[in-house]
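Starting from the given sequences, assemble the full structure and let the hints guide the process.
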Amino acid sequence: MAGTLTETREDTTLDAPWNVLVHDDPVNLMPYVTWVLMKIFSYPENRAAALMMTIHRHGRAIVWSGEREQAEFFAQQLQARQLKSSIERTE
Amino acid sequence: MKVAPLLKGGLRIDVESPLDWRILRGITQDARTGGLDLADRVSSAMLADPESDDWRDYVVPDLRDGFDAQLAIIERAVADAATTAAGCEEPGRIFIHPEEAEDWFGGLNQARLALEERHNLSAAIESEMTPGRRSAWFRSQFYADIQGMLLTLVMR
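Chains as they are written, first to last, in the numbering used here: chain S, 16 to 106; chain F, 25 to 180.
To be clear, the hints were calculated from the coordinates, so they are not data collected in a lab. Warning: the hint list may mix true and false statements.
Stated by the list, open to error - Beyond 10 angstroms from chain S on every Cβ pair, some chain F residues (computed):
hint, residue
1, Arg80
2, Glu140
3, Ser146
4, Trp161
What the hints assert, rightly or not - Restraint-style ranges between C-beta atoms, simulated for each label pair:
hint, chain 1, residue 1, chain 2, residue 2, range
5, F, Arg158, S, Gln85, 41 to 47 angstroms
6, S, His38, F, Gly33, 29 to 35 angstroms
7, F, Gly58, S, Ala65, 32 to 38 angstroms
8, S, Ser80, F, Ala168, 29 to 35 angstroms
9, S, Pro59, F, Ala28, 26 to 32 angstroms
10, S, Asp30, F, Asp61, 41 to 47 angstroms
11, S, Arg62, F, Gly33, 55 to 61 angstroms
12, F, Asp38, S, Asp30, 52 to 58 angstroms
We put the CB at the ideal spot given by N, CA and C, even for glycine.
Below is the structure:
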């Protein structure tokens, strides 16, 4: 008696995460940028300060990665505090 | 003018001369002069995406309202203090309460951004400044000093 072989394959594709970027500008005070990153992302001061220095030296830095909706929320929070920010899908 | 922290939190600005009043009124005037659209500016990298219509339609107007509100708070505080001080011998007093510190910081930031846009102060060489550019530079430094006090003494 011939049986039926059923093969199940699972193929789960995770949505690629999104990056939140902060861009450098000539006006925002460096301690303020650190403070904003601490306040919005609850980062410890040393991590926030390191990100701030990356923004200052390289013109921009990825400050957070995750789901798109949350990334948009963070970008809006950063812009409300006058930090130029954007989101991008990770490669 | 004197700026000092308060024991209960916040800052107090003592306004001692007509020049002090002019400088304080200059914060919102500087922020509004030049037609800088700060909401567009902070969103510009986001708006470069062709699929950013929602951002332009919903987020940018909110940002614009928030930035306008910051200037309105400063304007009202200065105007109220001037009204109270009118005819008094004592210096005028402006109180920046802790819950308004971020709004003041933001308004001062707007003024510095607008001055930077108009005068390119970050590239300025002190000995070569025109009187107008020098005046803008001093105002920008003064605004940054108050921001530094707000950040260090109130917001952190």
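Beta-carbon spacing of Arg158(F) to Gln85(S) - inside the hinted bounds 41 to 47 angstroms or not: 45 angstroms, holds
Gly58(F) paired with Ala65(S), Cβ distance criterion 32 to 38 angstroms: The hinted range 32 to 38 angstroms holds for Gly58(F) and Ala65(S), with Cβ atoms some 34 angstroms apart.
Reported absence of Glu140(F) from the contact zone with chain S (all CB gaps over 10 angstroms): For Glu140(F), whose nearest Cβ neighbour in chain S is about 5 angstroms away, the distance does not exceed 10 angstroms, so it is violated.
Range hint 26 to 32 angstroms (beta carbons of Pro59(S) and Ala28(F)) holds or violated: 31 angstroms, holds
Beta-carbon spacing of Asp38(F) to Asp30(S) - inside the hinted bounds 52 to 58 angstroms or not: Since the Cβ atoms of Asp38(F) and Asp30(S) sit about 56 angstroms apart, the hinted range of 52 to 58 angstroms holds.
Hint check for Gly33(F) and His38(S) - Cβ pair distance inside 29 to 35 angstroms: 32 angstroms, holds
Distance restraint evaluation - Arg62(S), Gly33(F), Cβ atoms, bounds 55 to 61 angstroms: The hint (55 to 61 angstroms, Cβ to Cβ) is violated, given that Arg62(S) and Gly33(F) are roughly 27 angstroms apart.
Trp161(F) and chain S, when compared Cβ to Cβ, separated by more than 10 angstroms: 13 angstroms, holds
Assertion that Ser146(F) lies outside the chain S interface [Cβ separation over 10 angstroms]: 4 angstroms, violated
Range hint 41 to 47 angstroms (beta carbons of Asp30(S) and Asp61(F)) holds or violated: Given a distance of about 33 angstroms, which is not inside 41 to 47 angstroms, the answer is violated.
Cβ separation check - Arg80(F) to all of chain S, threshold 10 angstroms: 12 angstroms, holds
Whether the CB-CB distance between Ser80(S) and Ala168(F) falls inside 29 to 35 angstroms: Holds - the Cβ-Cβ distance for Ser80(S) and Ala168(F), about 32 angstroms, lies within 29 to 35 angstroms.
Checked against the numbered hints given earlier, this structure breaks hints 2, 3, 10, 11; the rest are met.
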